[in-house]
Amino acid sequence: MNYPIWQLGFPGGLLIAAVAVLHVFISHFAVGGGAYLVLTEHRAYAHNDSELLGYVRLHSKFFALLTVVLGAVTGVGIWFTIGLVSPEATSSLIHTFVWGWAIEWVFFFVEIAAALIYAYNWDTLDRKTHLIIGWIYFVAAWLSLVVINGIITYMLTPGRWLETRTFWDGLFNPTYWASLWARTAMAAGLAGMFGLVTAMRERSPLRERVVRWAGWWLVLGIAALLPLSRWYFHDFPAYSRAYFSGTYMAVSHALRGGAACAGVALLLAVVFALLRPKMMNAVVVAVLLVAGFGVMGSGEYLREFSRYPYVINSYIYANDIRMAQLQGITANGVAKTSPWVETSAEDSNSYGRQLFVMECGTCHSVEGYRGMRKFARGWDAKFASELLLHLPIVRETMPPFAGDDHDRAALGGYLASLAPATPTGANEKALGQQVFAIHCSMCHSVGGQRRPLDLKGTDPDAIVGMVGSLHDMSPDMPSFTGTDAERHALAVYLSNPSQ
Amino acid sequence: MNLPIPHTDPMPLPAPVWLLRTLLLLTFFLHVLFMNCLLGGTAIALICMMRRKSSAYCAQLAGDLGRLLPSIFAFTITLGVAPLLFLQVMYGQFLYASSILIGVPWLGIIVMVVLAYYGVYFYSMHKQSGMTTAVLALVVLLLASIAFVYSNNFTLMLSPERWLEIYRSNAGGWTLNWSEPSLLPRYLHFVLGAFAVSGLGLLVLGLRQKADDYRQWLIEQGSMLFTGATILNFGVGFWFLARLPVSTRLAFIGGNGFATALLGIGMLLPLAAIAHLIMAKANKSPQRQLVIGVSCGVLTVAVMVIMRDVLRNLALAPYFSPNQLPVAPQWNIIVIFVVLFVAGLGTLYYMLRKVAIAGRMQAAAQKAE
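Taken in sequence, the protein lines are chains D and E. If you count by this note's numbering, then the first sequence holds residues 1 to 499, one letter each, in order. If you count by this note's numbering, then the second sequence holds residues 1 to 369, one letter each, in order.
No false leads were mixed into what you were given.
Here are the simulated DSSO-like pairs of lysine-lysine, each with C-alpha atoms no more than 27 Å apart in a straight line: (1) K281/E x K210/E; (2) K61/D x K127/E; (3) K128/D x K367/E; (4) K61/D x K354/E; (5) K210/E x K367/E; (6) K382/D x K429/D; (7) K128/D x K354/E; (8) K210/E x K284/E.
Footprint (simulated), chain E over chain D, 3 or more residues, beta carbon under 8 Å: (9) 1–11; (10) 65–79; (11) 101–111; (12) 117–131; (13) 333–344.
These are computed hints drawn from the structure, not numbers from a lab. Note that the coordinates shown come from a computational prediction; the quantities given were computed from them, not determined experimentally. For each residue, glycine too, the CB sits at the ideal point set by N, CA and C.
Construct the complete structure from the given sequences, taking the supplied hints into account.
What follows is the structure, given as structure tokens:
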């Protein structure tokens, strides 16, 4: 409302996800890989293993090139991206945590300098100093996670901050510790994973030694991650834990996919790194990397999804509208609230489209990802605008509609214009099934998980009566806007849906 | 006219404006020094690469720059993060709005930085060849483009009167702030400044050399670059001034005492720098004069950074000043930040000192052999 909307042609949330997953994948490696470097170096000295030392030298250069450049710059990239997609929330985060970020920046510059000095001064520095600089790197990198972890977890579980508005309550929030240790475990796992990447350049027998050593990091990291992420998800707010119950396909897929990736990574690491290190090859390492990316990506996706309908829980909605603003927008209308909408347009469809962009565009597109043309097939304007009154009921993940009746009518009209269709069917039951798809399936299923309707065996005439008084049955239901014939067909279908 | 300036954040500023502004200007000043050496340094390296076969000094400088540029790049980015943070706290509603309007090039900065950064590493890690020259040319192009996008956004954030028109004609963010009258002179002024500062960088590099001829050559080239770019920049600077809105321009030429004084000092300091560099040329032991010259040049950058801030505040004065925002300082965290900042600088000093000592010992050992 307050800011213009960057109209990318696809939901801005996707862009944030793309930049963020790339960044966290590398930045967790940047944390765990620091410990991996120094401990490998220690090991090489302790065993007087000059070959291993040669490996860790090479690995340190690869490490610096990946983390100092792509890792660091994509981190700035997240900042750029969230400022473009959710400026209101970004502004809020900055105002709450600017000193947290300033502290993280201190760790950041120490980290970058230490990484470069460590990677490029193997020949100049004595062993002890070189190790100290490696440890400085690792501690600074982990401390930057200590800070940023607080800001990330705050967005999902602001906890007492909502009342006190103090920095410390926001930072050390209810999911802080579980997330910190889960991320640390992931960092160790990724350190092993990337350790394998450079190990592929070595020859036997060093190669097997390194593969087994890196394999332990990977196995222990991922094995620790499993109970830690369980603890983390367990601390989620009750409303978002409900998303894990199976009603949200995307959540179930991400959960299963993430667990499967973790399982595959563990299995491959145990077999090819610990038991048969001779058999480890570039293809297995590539599969491991993909699996690691899958674990990281699904974890981040679940965290972000669990935050819906908010971007900052109970403070700012996912579409960047502040909770506190909602009442004012409903009372005054969007046109009086946002200077960015073009109200001079006579065409209410164009006004509706602008509202769509503003209120729905962070998560929905028209054609592509969560595309509305597919969902809105067959909707009429009255139905669509009534549905807008019940968005948090339609999906718990959706923020309420913000706007007055005029706005709601315009957006409803726009949505109805996306895919106008009159339900048809070879027989009354087929017609009824279509009517169900258009008018009921947003919230109900027949025999499914989501608010199942079990009216099997009920007299169709009784169902016709019910459909006529939906609003009396529940204030959360929009009224039925189909024709009498459609209503009857719906009743016939619901009374005997199975055949 | 009703301008679409977003409301300020309902949360108070977590620190007094003077502190935020000090940190903004201090970190930005440091960022500019490195950024200038990066932009100018890559361009100098490119020229040296093209002349490496006819001049041994050029080949040597191209090699030296190859070793220095990756670290300069790292410092540029690291020091750029902090001012961007403090800028957002104070001027977020302007910066976010203008960034969205030019979203594609603005986010494109990230892609360009990654490419340029890897390009610099490529240059630094490979033997001098036609290939490395080509990569370096691409890096220079990318860095110059990044600078141009920054010039666009930092002028657009000062022009809310233009926002709606841009948004209506291009909501996808595929545009730049083309209609800004001061865009081109501002950009050129800053880019020429970068060349001037990297001239000083060459000079400093020369002062640290042992080999007499190469040292002399670097000092001469650095002085010439600084002098030439600065003289040109006087012209571009007046052009820039002429393209500013009347009220802002008048403030700098008498209307506002502080702004006018800054402009005056900002013109005297580089002249003083040039004078010392010229005097150094005739002097048998020019070290002292060179150091004074470089210092005057660096101080000029500091004055320019403050002037740039004054210009921003003058442009925004009709709409907003951070001084009108409510303030609720988080002193306990600020203290922790300051302590950690000092500790961080100490750690940095420790590490760099260790490297320097080790480097010197190694050089001595090699000499002994």
